[in-house]
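Undergrad: Here's the letter readout for the chains.
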Amino acid sequence: MSLSTPIVNPMYRRLFLLILFVITAITFILIFPLISDLLVVLVISIVLTYVFKPCVAYLEHLGVRRVISITAIFVLGGVLIGIGVRFFVPTIISEGVALYDNIREFDFIGIHRNFTFWLDNHLPGVSGLIAIEPDQAEIWISRIGAGATAFLQQSQKLIAGAMNVLALAIVVPFMTFFLLKDGAAFTKKLIETIPNRYFEMTLSLSYRIDRSFGNYILSILIESAVIGILTWIAFAIMGVKFAVVLGLINGLLNSIPFFGPFIAYFPIALVVLITYDPPGLGLLWMLIILTSVQVIDNVLAKPILISRSVNVHPAIVLLAVLIGGKLAGAIGMFIAVPVYAIIQVIIVDSYTHLKRYKIF
Amino acid sequence: MTEKHDDSIKNSTITEVEWVPVSLTKDKRDSDMRRTLSSLPLFENISTRDWRELASLFHKRTFSDEEIIFRYGTPGLGMYIVIDGNVVIYSKEKTNDVEIARLGPGSFFGEMSLIDEIDRSATAVSSGNSNLIGIFRPQLKDLMYHRPRLGLILMERLACIVVSRLREADKRLMEYRKKLNSEN
Chain A
1 MSLSTPIVNP
11 MYRRLFLLIL
21 FVITAITFIL
31 IFPLISDLLV
41 VLVISIVLTY
51 VFKPCVAYLE
61 HLGVRRVISI
71 TAIFVLGGVL
81 IGIGVRFFVP
91 TIISEGVALY
101 DNIREFDFIG
111 IHRNFTFWLD
121 NHLPGVSGLI
131 AIEPDQAEIW
141 ISRIGAGATA
151 FLQQSQKLIA
161 GAMNVLALAI
171 VVPFMTFFLL
181 KDGAAFTKKL
191 IETIPNRYFE
201 MTLSLSYRID
211 RSFGNYILSI
221 LIESAVIGIL
231 TWIAFAIMGV
241 KFAVVLGLIN
251 GLLNSIPFFG
261 PFIAYFPIAL
271 VVLITYDPPG
281 LGLLWMLIIL
291 TSVQVIDNVL
301 AKPILISRSV
311 NVHPAIVLLA
321 VLIGGKLAGA
331 IGMFIAVPVY
341 AIIQVIIVDS
351 YTHLKRYKIF
Chain B
1001 MTEKHDDSIK
1011 NSTITEVEWV
1021 PVSLTKDKRD
1031 SDMRRTLSSL
1041 PLFENISTRD
1051 WRELASLFHK
1061 RTFSDEEIIF
1071 RYGTPGLGMY
1081 IVIDGNVVIY
1091 SKEKTNDVEI
1101 ARLGPGSFFG
1111 EMSLIDEIDR
1121 SATAVSSGNS
1131 NLIGIFRPQL
1141 KDLMYHRPRL
1151 GLILMERLAC
1161 IVVSRLREAD
1171 KRLMEYRKKL
1181 NSEN
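First to last, the sequence lines map onto chains A and B. Just so you know, we're using my numbering here: the first sequence kicks off at 1 and counts up by one. Just so you know, we're using my numbering here: the second sequence kicks off at 1001 and counts up by one.
Derived by calculation from the structure, the hints in this document are not laboratory data. Note that the coordinates shown come from a computational prediction; the quantities given were computed from them, not determined experimentally. One should not assume that every hint holds.
[Claimed, not checked] Here are the simulated DSS-like cross-link-like pairs (lysine-lysine), alpha carbons at most 27 Å apart as the crow flies:
1. A:Lys358 to B:Lys1092
2. B:Lys1060 to A:Lys189
3. B:Lys1171 to B:Lys1092
4. B:Lys1060 to A:Lys355
5. A:Lys302 to A:Lys53
6. A:Lys355 to B:Lys1141
[Unchecked claim] Here chain A is said to cover these stretches of chain B; the calculated rule only asks that three of the stretch's residues, wherever they fall, bring their Cβ under 8 Å from a Cβ of chain A:
7. 1053 to 1060
8. 1150 to 1161
9. 1172 to 1181
Yeah, the Cβ is synthetic: ideal placement off N, Cα and C, and Gly gets one too.
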């Protein structure tokens, strides 16, 4: 008996990987509409589990029992949410409503007219090439508005379809509590059912994926929070209106690698144009603030959060964001890249493990 | 590769905690497992609470005759303890697999993998049906963070086992050298 001979012929290695990737992609696209309700609840619970996991581990390290650690964190989380609801949510809602009113009242047609007039004076003939008539501009603006509303409603429907908010508020904490308490034991039971040949490989793989996923989620959240808070403080100091909403937008959009920070420029520029006087100075402040926040993020936050370095190609990020947006609206855009990163970690690590454990 | 426990290690326990029998599970297999484990230098004199904690680390595995437990050259993830049955250890020499040890209940092997991530230096195969307990590095690392005191006890005992085996290997090497010198 030759004990070190690989079990599977290496000839099939590439073919297997290709089939695995295609099957994963097709399965995800096919089953998503069927399980989207359950998936929303599960994704929120898993994300929260990974957010709280390091805190539970730290309390256990200090000698506090697991159940007490989890309960204490839930109580503290409840208090923080209460404080958030009491102090921040009213600000965000009032700023959001005021911003919406400002946008509605804003004279886009007037701006267009002034812009066309400026073009005719400085670059004659260009406005004719662009060929945007005032009535066309109005149609385009209303189309963009309708598109954006439909896009946001898609996410709203997804959450509403999952459960009503009250049910969500009950199910998610319960699921998170039990994932924190029994998640490890459940994983162990599951791994024990794996055949001996693949057992060590699966155990090692599950730990690596768990670690990568946890670090990835946590670093995205920390980075977004840092960016959001810095943006909020900077805009507030510069006297820009709706600083909390701008911080929220910048923090959220920065969770999308590569393109997020650039996408954030558009809504923020729009708000600054509408609210800051003079708008030119506002745009200059915006550029200085957003660039400074990016520099601080790249110099200070990113090197500390090295674990976020799950290498995803920019083209794949763009594709994932588009597919996510198509499937689940705004929420889909935000979760697309983390979901893809996890699938990539699973596939790449599985391949590496299959090779290292000589199963391939 | 592995040996049965030796008395010098057995006496090197860190804390003298009175051993209290714990019902890990009810069936005979589990009581055999408990008896076997508590006789090992790594797990002797462990308190009731710590036993419960340790039990969450153990992975019970059953192997059939000639089934491979791990292969030479694959990443080492942890150690196995033989509860019942036998395990044969093969060393790879050129293209041949040479039997170097045959282990029975109470023996353990692969303990170096609990400390570092080097590849397996031998192949382990079940001889007849066997029941083993596996303990693996990622979980031991977690234990060291969650329960530092228990983790430290285990790591110190593990270090004692490894050092004792290293001493024995040195002793054998010296004997071979002496033998070679006398032959020359």
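Undergrad: Take a quick look at whether A:Lys302 and A:Lys53 sit within 27 Å of each other, Cα to Cα.
TA: Since the Cα atoms of A:Lys302 and A:Lys53 sit roughly 21 Å apart, the hinted pair holds (cutoff 27 Å).
Undergrad: Verify the coverage statement for the segment 1150 to 1161 of chain B against chain A, using a C-beta to C-beta distance below 8 Å and requiring 3 or more qualifying residues.
TA: Coverage by chain A is violated for the segment 1150 to 1161 of chain B (0 residues, Cβ < 8 Å).
Undergrad: Taking only the CA atoms, is the gap from B:Lys1060 to A:Lys355 under or equal to 27 Å?
TA: holds (25 Å)
Undergrad: Is A:Lys358 within 27 Å of B:Lys1092, Cα to Cα?
TA: holds (15 Å)
Undergrad: What's the verdict on B:Lys1060 and A:Lys189, does the C-alpha distance respect the 27 Å limit or exceed it?
TA: Holds. B:Lys1060 to A:Lys189 sits at ~11 Å (cutoff 27 Å).
Undergrad: When you check the alpha-carbon spacing of B:Lys1171 and B:Lys1092, does it fall within 27 Å?
TA: Given pair B:Lys1171, B:Lys1092 holds - Cα atoms ~23 Å apart, limit 27 Å.
Undergrad: For the segment 1053 to 1060 of chain B, does the count of residues with a C-beta closer than 8 Å to a C-beta of chain A reach 3?
TA: holds (count 3)
Undergrad: Measure nothing beyond the straight line between the CA atoms of A:Lys355 and B:Lys1141; if it is 27 Å or shorter, mark the hint as holding.
TA: Holds, at about 25 Å.
Undergrad: Three or more residues of the segment 1172 to 1181 of chain B near chain A by CB distance under 8 Å?
TA: violated (count 0)
Against the hints set out earlier in the document, violations occur for numbers 8 and 9.
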